Amino acid sequence: GEDVEQSLFLSVREGDSSVINCTYTDSSSTYLYWYKQEPGAGLQLLTYIFSNMDMKQDQRLTVLLNKKDKHLSLRIADTQTGDSAIYFCAERGNYGQNFVFGPGTRLSVLP
Amino acid sequence: DAMVIQNPRYQVTQFGKPVTLSCSQTLNHNVMYWYQQKSSQAPKLLFHYYDKDFNNEADTPDNFQSRRPNTSFCFLDIRSPGLGDAAMYLCATSRDREGSNEQFFGPGTRLTVL
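Residue numbers (this note's numbering), protein chains in the order written: chain A, -9 to 101; chain B, 9 to 122.
One should not assume that every hint holds.
Unchecked claim - 20 Å max Cα-Cα, derived SDA-like pairs, lysine to any residue: (1) Lys26(A) to Ser48(B); (2) Lys26(A) to Arg118(B); (3) Lys52(B) to Leu36(A); (4) Lys46(B) to Gly30(A); (5) Lys52(B) to Pro69(B); (6) Lys46(B) to Glu28(A); (7) Lys46(B) to Glu65(B); (8) Lys52(B) to Tyr14(A); (9) Lys46(A) to Ser7(A); (10) Lys52(B) to Arg96(A).
Unchecked claim - DEER-style ranges, computed between Cβ atoms: (11) Ala31(A) to Pro69(B): 24 to 32 Å; (12) Ser98(A) to Ile13(B): 29 to 37 Å; (13) Gln49(B) to Ser63(A): 17 to 25 Å; (14) Asp70(B) to Asp(-7)(A): 22 to 30 Å.
I should point out that these hints are in silico values taken from the structure, not numbers from a laboratory. A quick note: this is a predicted structure, and the numbers were derived from the prediction, not measured. Even glycine gets a Cβ: it sits at the ideal position worked out from N, Cα and C.
Next comes chain A alone, as it looks inside the complex (with noise of 0.2 Å):
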């Protein structure tokens, strides 16, 4: 079955990048989500890329995409202690099957 996979703790230092990684098996997803998740609260979509992209970027967040070696990264530029959550990535099919979670990264951010 399809697997993600994610390390599972990372802690920086308030103004430096973030970078989280993930990889997934299955060659077939469409669309790749980072997903963040404050304590006691649901998910929020942070962004997501297309299969055929290499790069997305967003205001502070950067996302990279290697399809050959399925491997996607968040890149958070200037952290921001606000920034702590567990941040999860997620891969899906093109209609709503195989929606398929990683394990989760918590982003501890230090002073």
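Starting from the known structure of chain A, arrange chain B on it as the hints suggest.
Here is chain B on its own, set in the frame of chain A:
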């Protein structure tokens, strides 16, 4: 304005006692999803409704059922909760099923099974 509402936020039930979690949306979206998220784990899709069409994930236990009486409401019924069903249950909606459609998540209902 709240867009995806889940009630209650916290639910306590007893082992084997049926429980219903509710979700409502003000977005008029076609698709509604139910996810189970256990502590420190990824959300796991249980099933989704595309309009009135119910789509069950292959590994969702029979103990879990769902109802969607109208566009706005969707219910998750757990017929005989076990201790292993204690989790956060997340409801989400999307306008359509295509992958470019954002899923909007509710705040979740945390279920405790005694």
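Check whether the Cα positions of Lys46(B) and Glu28(A) lie no farther apart than 20 Å.
At roughly 15 Å apart (the allowed maximum being 20 Å), Glu28(A) and Lys46(B) satisfy the hint.
Just to be careful, I want the Cα atoms of Lys52(B) and Pro69(B) compared with a cutoff of 20 Å; is the pair within it?
holds, 12 Å
Given the hint that Lys26(A) pairs with Ser48(B), does the C-alpha gap stay at or below 20 Å?
Holds: Lys26(A) and Ser48(B) sit about 14 Å apart, inside 20 Å.
Distance restraint between Lys26(A) and Arg118(B), which requires alpha-carbon spacing of 20 Å or less
holds, 18 Å
Pairwise beta carbon distance, Gln49(B) to Ser63(A), judged against the given window 17 to 25 Å
holds, 22 Å
Given the proposed pairing of Lys52(B) with Arg96(A), does the C-alpha separation stay at or below 20 Å?
Given pair Lys52(B), Arg96(A) holds - Cα atoms ~18 Å apart, limit 20 Å.
Honestly, do Ala31(A) and Pro69(B) meet the 24 to 32 Å range at C-beta?
Given about 26 Å between the Cβ atoms, the range holds.
Please work out if Lys52(B) and Leu36(A) have their alpha carbons no farther apart than 20 Å.
Holds: Lys52(B) and Leu36(A) sit about 19 Å apart, inside 20 Å.
Assessment of proposed distance window 29 to 37 Å (beta carbons of Ser98(A), Ile13(B))
holds, 31 Å
Proposed proximity, Gly30(A) with Lys46(B) (alpha carbon, max 20 Å)
Answer holds: Lys46(B) to Gly30(A) is near 12 Å, not above 20 Å.
If I claimed the Cβ atoms of Asp70(B) and Asp(-7)(A) lie 22 to 30 Å apart, would that claim hold in this structure?
With a Cβ separation near 25 Å, Asp70(B) and Asp(-7)(A) satisfy 22 to 30 Å, so the hint holds.
Holds or violated: Lys52(B) with Tyr14(A), Cα cutoff 20 Å?
Judged against 20 Å, a Cα distance of about 16 Å means the pair holds.
This entry satisfies every hint, going by the numbered hints stated previously.
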